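There are 2 protein chains.
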Amino acid sequence: MLINKERAGRIMAENGLDALVATTPENVAYLTGFWILTHLRHRVRQVFAVVTADDLQADLVISRGLADAAIAADTWVKTYRLYGNFYFSTASLDNGDAEAKRLMALLDSSPSYPAAVDALAGCLAERGVARGRIGVDQGSDTIGLGRILEGRLPGLSTAPAYDLFRQIRIVKTAGEIDRIRNAVSVNESALTEAIAAIDEGVGENAVAATFFNEVARRGGLPTLVCVGSGPRGALPNVTAGDRIIHRGDAVRFDVGCIASAYHADMARTAVLGKPSSKIQIYHDALVAGEQGILSTIRPGVVAGDLFHLGVDIVRANGIPHYERNHCGHGNGIEGYDLPHIAPADRTVLEPGMVLCVETPYYEPGFAGLQIEDVVAVTETGCERISSIEQKLFIV
Amino acid sequence: MLINKERAGRIMAENGLDALVATTPENVAYLTGFWILTHLRHRVRQVFAVVTADDLQADLVISRGLADAAIAADTWVKTYRLYGNFYFSTASLDNGDAEAKRLMALLDSSPSYPAAVDALAGCLAERGVARGRIGVDQGSDTIGLGRILEGRLPGLSTAPAYDLFRQIRIVKTAGEIDRIRNAVSVNESALTEAIAAIDEGVGENAVAATFFNEVARRGGLPTLVCVGSGPRGALPNVTAGDRIIHRGDAVRFDVGCIASAYHADMARTAVLGKPSSKIQIYHDALVAGEQGILSTIRPGVVAGDLFHLGVDIVRANGIPHYERNHCGHGNGIEGYDLPHIAPADRTVLEPGMVLCVETPYYEPGFAGLQIEDVVAVTETGCERISSIEQKLFIV
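From first to last, the protein sequence lines stand for chains B and E.
Mapping the first sequence onto numbering that gives the first Met the number 0, position 43 (from 1) lands on 42, and the numbers just tick up by one.
Mapping the second sequence onto numbering that gives the first Met the number 0, position 290 (from 1) lands on 289, and the numbers just tick up by one.
In case anyone wonders, no lab produced these hints; they're calculated from the structure.
Some hints here could point you the wrong way.
[Unchecked claim] Capping the alpha-carbon separation at 27 angstroms, the derived lysine-lysine pairs in DSS-like fashion look like this:
id, chain 1, residue 1, chain 2, residue 2
1, E, K100, B, K277
2, E, K390, E, K273
3, B, K100, E, K277
4, B, K390, B, K277
5, E, K100, E, K277
6, B, K77, B, K100
Predicted model, so just to flag it, every value in this text is computed and none were measured.
With these hints in hand, go ahead and build the complete structure from the sequences.
Spelled out as structure tokens, the structure:
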């Protein structure tokens, strides 16, 4: 299970909400376990999940055509509520295997509705919140769901809830951390292969393709493939080009992927041959800054304070002019979760928060240098989830 | 250029709109050419594009940290409007190459704002629509942009515009069709490799991985990887499992990807060894249905009528009990564009519409069979963009 029920219940109570409706693929997956790759190609898909404050056990609202995906996914759902039409021939049902029989049983036994909003209104009524106050995630809502539901259920009041979902998800459950571990493992295996692909005469494109293909081969989906060599590394969102990597070039990797719905995001820098002393000194300063943040992370620390600490350490260790807008961010079922390791973020760290901590440096005309790791806040400090060495790689 | 200016201008006039604001990655890319992979990991990213009715030349609102990506992308933008802070060291600027100099010039010369909504309000004011009526794409709006902008600019009125963007994008430009051609080429090359990977003793997983990896190798991003063998092919959203493919099994592929921001979506069925006569007859009926639709597509035909035609042909050609909820959908910068080849859709086809036409059949206990092609409506009929044979593949 992914949902943090204790936290969800508390935040719902604080906001006077009897139920939450999820609309984004991420929030639906968080409440139910239902996530499929094809969400990527649907800007708006009418898949909804509903939890009520009494038990936080989700109902899932899906079209009949998605019923097989609901069975295949590792879901924890109280009631599947299906809508629309979908046709299966029943001519060979007697030959059906267990998977087919479960699908047919789900289609036959689940409450069915003409349309998604009918299913949602029916769900809220049956779950006893027809006259309550509910939060509606506006993240994938293009039809004004709140107003529609208020029209259907006189007495219901609605409020936007996308930001509440983010507040709930800020403290990860064990199930979430397992998935993040897996995504990080895919990501850093592919990163290691990509670093190894650097060689004399090899272009940025080939190195980036190695990362991309190695993620795919491990069942992940690449989401961030910044690979820049020499001065191109100073482009923060660099797209690998046909530039050939030369001896002495720093190659900056800022790379990420999704696996089992969860994100990973890491950075390392590698040099072909002997690094200049400037590259080595600057990179050492960035590592010191990142490690200084990691060794300070513990429950009770304020996210924004980590930012100032990291910048100060980098400045004291070799880059006196170092400036930065943030030194990291939450990581989870969204690639940019809360909190933000940035001056304005006063979030107090708690065990179970998962952070990407980073100290990038961009100097056009010279290079880009960066280190970034994924860590989980523990009871006493933090545990590094990414495991490859925190150093300037020499190839 | 991707935007259909004639159509955008007409639909804006019909809806009394002086400007359109795009919020989704798809609609921003459509107006400006700006699209990057990392959008995937941001549920909500404050990247906005604005066109006004006078010239439909877009302004792009991005954070300063995305300026390099705006330069790298093949964009057509009137004014870049930057917000927030981002730090580059300028110590080595004299050594900067052309790319670095363009980045610095863009950062120096573009209007800058504290936050994204400041940039958006500034843009609307400068473009002369501060007291106008504008459409705001609600597809990625979690902050209530319309209300915020109305508060900033007394006299401005706003209306939701996500559906208007879909109406504009329904007729593709030549630039869009080029990108769709490329995505289809990536997709069908990978599909061909995956079909060739079917062999005695090979599992579904290995065949699906071939598709996934071959898309990645060609620079695409897989978005739809349904590969099911034997009776598992009858699961509409089948996730490849460890089932070993047996002689006589039908293997159903419904596969898609994104390349250069555009989608492809195709289906084919392959049999290992000799197909049963039932598989062959049923599949021939599905091909007849799909080809019947393709040979009827021309400007003036109603999308919903194609649905009934397709179903009737399949029934007359070997599957008398054939039922289906739709026989296809638009395809473009969203994977499900308009129109829908379904009974209720009364869209009259026009040249430049791009359709995925499909006649899938799901019989649990037996098999799933499907064919799906991507076609463009021309002045006189339709052109098939996907090019592989429309047949039951025998491996």
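Hint by hint, here is what the structure shows:
1. For the suggested pair E/K100 and B/K277, the alpha carbons sit about 22 angstroms apart, so the restraint of at most 27 angstroms is met.
2. With a CA separation close to 14 angstroms, the supplied pair E/K390 and E/K273 stays within the 27 angstroms bound.
3. Among the hinted pairs, B/K100 with E/K277 is consistent with the structure: their alpha-carbon atoms are about 22 angstroms apart, no more than 27 angstroms.
4. At most 27 angstroms may separate the alpha-carbon atoms for a hinted pair to count; B/K390 and B/K277 meet this at roughly 15 angstroms.
5. Straight-line distance between C-alpha atoms of E/K100 and E/K277 comes to about 65 angstroms, which puts the hinted pair past the 27 angstroms bound.
6. The straight-line distance between the Cα atoms of B/K77 and B/K100 is roughly 19 angstroms, inside the 27 angstroms bound, and the hint therefore holds.
When each numbered hint is compared with the structure, a violation occurs for hint 5 only.
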